[in-house]
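**Q** Residue strings, one per chain:
2 protein chains.
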Amino acid sequence: MSARPTRPGGRSAAVVAAVKAAVEELIEERGRAAITIPMVAERAGVNPTSVYRRWGDLQTMINDIATYRLDPKRPLPDTSDLRRDLELWAEEFVTHYSQPVNAALLRAGAATAGEVESDCLRNRRIEASLLLERAPDSFGLDPDQVIDFVIAPIIYRIIFSPWTVDETTAPRLVGRLFERVPV
Amino acid sequence: MSARPTRPGGRSAAVVAAVKAAVEELIEERGRAAITIPMVAERAGVNPTSVYRRWGDLQTMINDIATYRLDPKRPLPDTSDLRRDLELWAEEFVTHYSQPVNAALLRAGAATAGEVESDCLRNRRIEASLLLERAPDSFGLDPDQVIDFVIAPIIYRIIFSPWTVDETTAPRLVGRLFERVPV
Numbered sequence: 001m002s003a004r005p006t007r008p009g010g011r012s013a014a015v016v017a018a019v020k021a022a023v024e025e026l027i028e029e030r031g032r033a034a035i036t037i038p039m040v041a042e043r044a045g046v047n048p049t050s051v052y053r054r055w056g057d058l059q060t061m062i063n064d065i066a067t068y069r070l071d072p073k074r075p076l077p078d079t080s081d082l083r084r085d086l087e088l089w090a091e092e093f094v095t096h097y098s099q100p101v102n103a104a105l106l107r108a109g110a111a112t113a114g115e116v117e118s119d120c121l122r123n124r125r126i127e128a129s130l131l132l133e134r135a136p137d138s139f140g141l142d143p144d145q146v147i148d149f150v151i152a153p154i155i156y157r158i159i160f161s162p163w164t165v166d167e168t169t170a171p172r173l174v175g176r177l178f179e180r181v182p183v
Numbered sequence: 001m002s003a004r005p006t007r008p009g010g011r012s013a014a015v016v017a018a019v020k021a022a023v024e025e026l027i028e029e030r031g032r033a034a035i036t037i038p039m040v041a042e043r044a045g046v047n048p049t050s051v052y053r054r055w056g057d058l059q060t061m062i063n064d065i066a067t068y069r070l071d072p073k074r075p076l077p078d079t080s081d082l083r084r085d086l087e088l089w090a091e092e093f094v095t096h097y098s099q100p101v102n103a104a105l106l107r108a109g110a111a112t113a114g115e116v117e118s119d120c121l122r123n124r125r126i127e128a129s130l131l132l133e134r135a136p137d138s139f140g141l142d143p144d145q146v147i148d149f150v151i152a153p154i155i156y157r158i159i160f161s162p163w164t165v166d167e168t169t170a171p172r173l174v175g176r177l178f179e180r181v182p183v
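Note that the protein sequences, when read in sequence, are chains A and B. First residue of the first sequence: 1, per UniProt numbering; consecutive thereafter. First residue of the second sequence: 1, per UniProt numbering; consecutive thereafter.
Next comes chain A alone, as it looks inside the complex (with noise of 0.2 Å):
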């Protein structure tokens, strides 16, 4: 009945809290083509065979640990106009990955991707939504427009060129979204 075991989290959690924490430090310190699940798992201080039961392997972790940076659970902005609220949205999303550790997180996410949806994007997908439908006048905007326009590329730029992001980068794409002939 309960999704709750007894020991909410417990180990599991705290095991996921310091491979985590041991993989962002790795990549800072070595750059992510060094880093292999024993100097993860001896950095976290968890046995490597809790590692390999987890995830299996090196880039499953990553790609698992990297949908794990942005709190789906954040407050969205919220200032009763939907450009500005697009533009803080866009503006935290740029400085979440000029970080050097998300961004190299992003990149090992990349590799993996394109079976299923990662939760990361599913999840822009949905705050994108979620920002539209709350405005009185959305502007005929829909959300795949704001990942096409505004997402994709920030991603891009985050992944190929990550010197051309700067904080002009968020509100130039959501103001190109502003730009349509009105409808």
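Hints are computed from structural coordinates only; laboratory data are not their basis. Only true hints are included.
Since the list can't tell identical chains apart, any single copy or any two copies may satisfy a pair.
Calculated pairs, SDA-like style, for lysine to any residue (alpha carbon to alpha carbon, straight line, at most 25 Å):
| no. | residue 1 | residue 2 |
| --- | --- | --- |
| 1 | K73 | S161 |
| 2 | K20 | I37 |
| 3 | K20 | Q59 |
| 4 | K20 | A33 |
| 5 | K73 | L88 |
| 6 | K20 | E91 |
| 7 | K73 | A21 |
| 8 | K73 | P136 |
| 9 | K73 | V16 |
Starting from the known structure of chain A, arrange chain B on it as the hints suggest.
**A** Only chain B this time, still in chain A's reference frame:
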């Protein structure tokens, strides 16, 4: 005078071609995660030492091979209609990455991107510039807009949700560029 020297490209070009074919076959057969340099060398019929000497490691090799994929010397669409040219150009890109092996190479390339601009993406920006410069009226568009609003969403979807890319994707994205308030 001839584009064909006595040893066209010579050993080096032959090694690249054999390695490229081997990587593509192996990625299709076994997936990116399973392949190794000795495996590629064996399939290509070259000495693993040649592969290590040229590329250093597997990830660098795959990244380099990935940039070989869309021939930068191929003719660009030239219909005397900028919108149609951009649609055909974007459709070519979609078709290219709709082949699973090309999508796999793109994802593998993403994992090691971010230090320097890849040849592949630099070529796309050059092509966008050429298409815009050649047009009698470029509608105020610049190459960065074409990258952000056409190429980025295609690449993003190919990497993270390839099942959302179809024959409507390219004309829809290019159409968005032409929806602006007239300048």
